[in-house]
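With the sequences and hints as input, model every part of the structure.
Spelled out from the first residue to the last, the chains are:
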Amino acid sequence: MTATGWGWLFLVAYVLMMLGIGIVGMRKTTDADSFATARGAYRGPLLALAYMATIGSGATFMGNSGISYEAGFKGTYIMLSFTGALLGSLFVARRLKFAGDRMGSLTIPDFLGDLFRSPILRVALGVVSIFLIYYVMAQLVAAGQLFETLLRVPYKYGITAAMVLILIYMVIGGSHSDIITDAVQGFLMLVVAAFVLIAFLVGLGVDGVGPAAVNAALPEQQRWHVHTDPNNPLFANWWTIALLFGAHLGFVCLPHVGNKFWAMRGTSEIRRFFVLASMSGVLVSLMTFGGVLARAMGLDLAAPDRAIPGLFLELLPGWAAGLLLVTILSAIVSTSDGLMMSISQIFANDLYRKTWVPWRGQDPRDPRVDRRSLLIGRVTMALVGGVAVAGVWTPPELLSVLQWVGIGGIISAAAGPLFVGLLWRGATPIGALLSALSGFGFFAGLHLGPQFGLYAGISPWNANPFSTAAVGMVVSVVACVLFSRLGTPSSTRHPATVSSTGASAEHENAS
Amino acid sequence: MTVPIALLSMTIGYFIVMAAWLYREARLDDVDITVHRDEGRSKP
Numbered sequence: 000m001t002a003t004g005w006g007w008l009f010l011v012a013y014v015l016m017m018l019g020i021g022i023v024g025m026r027k028t029t030d031a032d033s034f035a036t037a038r039g040a041y042r043g044p045l046l047a048l049a050y051m052a053t054i055g056s057g058a059t060f061m062g063n064s065g066i067s068y069e070a071g072f073k074g075t076y077i078m079l080s081f082t083g084a085l086l087g088s089l090f091v092a093r094r095l096k097f098a099g100d101r102m103g104s105l106t107i108p109d110f111l112g113d114l115f116r117s118p119i120l121r122v123a124l125g126v127v128s129i130f131l132i133y134y135v136m137a138q139l140v141a142a143g144q145l146f147e148t149l150l151r152v153p154y155k156y157g158i159t160a161a162m163v164l165i166l167i168y169m170v171i172g173g174s175h176s177d178i179i180t181d182a183v184q185g186f187l188m189l190v191v192a193a194f195v196l197i198a199f200l201v202g203l204g205v206d207g208v209g210p211a212a213v214n215a216a217l218p219e220q221q222r223w224h225v226h227t228d229p230n231n232p233l234f235a236n237w238w239t240i241a242l243l244f245g246a247h248l249g250f251v252c253l254p255h256v257g258n259k260f261w262a263m264r265g266t267s268e269i270r271r272f273f274v275l276a277s278m279s280g281v282l283v284s285l286m287t288f289g290g291v292l293a294r295a296m297g298l299d300l301a302a303p304d305r306a307i308p309g310l311f312l313e314l315l316p317g318w319a320a321g322l323l324l325v326t327i328l329s330a331i332v333s334t335s336d337g338l339m340m341s342i343s344q345i346f347a348n349d350l351y352r353k354t355w356v357p358w359r360g361q362d363p364r365d366p367r368v369d370r371r372s373l374l375i376g377r378v379t380m381a382l383v384g385g386v387a388v389a390g391v392w393t394p395p396e397l398l399s400v401l402q403w404v405g406i407g408g409i410i411s412a413a414a415g416p417l418f419v420g421l422l423w424r425g426a427t428p429i430g431a432l433l434s435a436l437s438g439f440g441f442f443a444g445l446h447l448g449p450q451f452g453l454y455a456g457i458s459p460w461n462a463n464p465f466s467t468a469a470v471g472m473v474v475s476v477v478a479c480v481l482f483s484r485l486g487t488p489s490s491t492r493h494p495a496t497v498s499s500t501g502a503s504a505e506h507e508n509a510s
Numbered sequence: 000m001t002v003p004i005a006l007l008s009m010t011i012g013y014f015i016v017m018a019a020w021l022y023r024e025a026r027l028d029d030v031d032i033t034v035h036r037d038e039g040r041s042k043p
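These protein sequence lines are chains H and F, in that order. Per numbering that gives the first Met the number 0, the first sequence runs over residues 0 to 510. Per numbering that gives the first Met the number 0, the second sequence runs over residues 0 to 43.
Please note: incorrect hints may appear among the correct ones.
Stated by the list, open to error - Here's a subset of chain F near chain H, in silico, CB distances under 8 Å, partners left out:
#1 Thr1
#2 Val2
#3 Pro3
#4 Leu6
#5 Ser8
#6 Tyr13
#7 Phe14
#8 Val16
#9 Met17
#10 Trp20
#11 Leu21
#12 Glu24
#13 Ala25
No lab work stands behind these hints, which were simulated from the structure alone. Computed from a predicted structure; not experimentally measured. Glycine residues also receive a C-beta, built at the ideal position from the N, C-alpha and C atoms.
Set out below in structure tokens:
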């Protein structure tokens, strides 16, 4: 059987499995809270795989390997994105989990609005989060190209099919479907990453054995003793590499990432969660060495992003290429579904239930409001899916820039309120609001302005979203500390206090 | 130092920080705060 035939076979099995999980998710969904967060439903190890898959996205297989295919060994510094994202999550996970559960928050903007008792902060961050739809679009483009390359399906049919699949299991099963499918997808990603790592360590496809043989087969400037390249904005110097890591510390601020902790059964699961998420995250991030191997093998690719598919087609029989198709599709889908859930909850919860309903003088905890919120979440998700497909029917030229309005914007704006608010009792609502404005303003001025062609900007900030987001994050954190002197903390008893006595007191209150 | 060695050192550094942070938090709080799903609130 050909690679295309195997691809179809694996695809059908994958789709059936996702739909089955959708039905399981539907049975577990009882109200708006379980639809949006699957609160307290899963153990650490399962969530660890789901978390890794959510962070992973299509970039792990395509974009990152394409970077190392073009830049050689120095390009593998992109794997710092995983350890950065995990380290940032580590510092706030326990408090985020505890305080979010306690306040019943459904999204990160909602959580920060609750933490600081600031509806303005909730709405402002919610509006920036809507730009994450461009992140969904970028994932869809990758799915369309994948269908075209490996299954010979026209691009437009490919993006439609991917979105229909996501919508079916997400609309019926919500966050339960999101988390279970992500965990399965995370497992598939581990299998492929293990193969790529072994191929690199053995030196498959190059003369000689081992990584040294891979290194010897590369052009001089791509070998492993070259760490930086002044002509490459991502790896121009050690600062840009450090900031690449730094920007990802703030990934926990992204609504589809940070909300995963609320699905965890209890805070004691956090230890197991981080051990497994770290091991699996590091293994999956090592896939970027596949790009180096593809370059060393001399693969002639139509685009750098096709390094891993090219490697599979070159080194393995047809069935493996079919497995790869499903795995990359998994990575794309597992990020897109979480994003769509978060965007839909911005409308259903942040804007409707927590803003519109109280503004109209109604009770947000009214069961009728809950039912309406659940309905809005489902309808909005379908609408977001439709808009995303329409948006990339002909991919916009500025898609990658627009995508960074959401990612970099949220990281720059929310990092101060989230990190400072959770780790320091002195953070105040005015400090949080001004820090969000400072961080976002800094990111927009230094990166988005030049990218939209408004002015030239300063190199490498104008071309490197990671560096700018990282510095925007630092600005946001510093601003939150400084501006917090202007106000008073929203509560004398910090909601994120995690101690034996605090927990006991909460238990007494609950009973 | 080569790129893979630098990455390996950074990864080991990450695991050391992770272990230290988790150990610190475990000492701060030995209570398992599980979620009271019916009420959407927390309890030990």
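Now the hints, each set against the structure:
1. Interface restraint check: Thr1 of chain F against chain H, minimum CB-CB distance 4 Å, threshold 8 Å, status holds.
2. The interface hint given for Val2 of chain F is met, as the beta carbon of that residue sits about 4 Å from the closest beta carbon of chain H, less than 8 Å.
3. For Pro3 of chain F, the suggested interface contact is upheld, since its CB lies about 6 Å from the closest CB of chain H, less than 8 Å.
4. With a cut of 8 Å, the hint placing Leu6 of chain F at the interface with chain H holds, because the nearest CB-to-CB distance is about 6 Å.
5. A least Cβ separation of about 12 Å between Ser8 of chain F and chain H goes past the 8 Å threshold, and the interface hint is therefore violated.
6. Taken as an interface hint, Tyr13 of chain F checks out: its beta carbon lies about 5 Å from the nearest beta carbon of chain H, inside 8 Å.
7. A distance limit of 8 Å between C-beta atoms decides the matter here; for Phe14 of chain F the minimum to chain H is near 7 Å, and the interface restraint holds.
8. Using the Cβ-Cβ criterion of 8 Å, the hint placing Val16 of chain F at the interface with chain H is satisfied: the shortest such distance is roughly 7 Å.
9. Because the beta carbon of Met17 of chain F sits about 6 Å from the nearest beta carbon in chain H, less than 8 Å, this interface hint is met.
10. Given hint, Trp20 of chain F at the interface with chain H, holds; its Cβ is 6 Å from that chain's nearest Cβ, closer than 8 Å.
11. A least Cβ separation of about 5 Å between Leu21 of chain F and chain H falls short of the 8 Å threshold, and the interface hint therefore holds.
12. The interface hint given for Glu24 of chain F holds, since its Cβ lies 6 Å from the closest Cβ of chain H, which is under the 8 Å cut-off.
13. The beta carbon of Ala25 of chain F comes within 7 Å of a beta carbon in chain H, closer than 8 Å, and the hint placing it at the interface holds.
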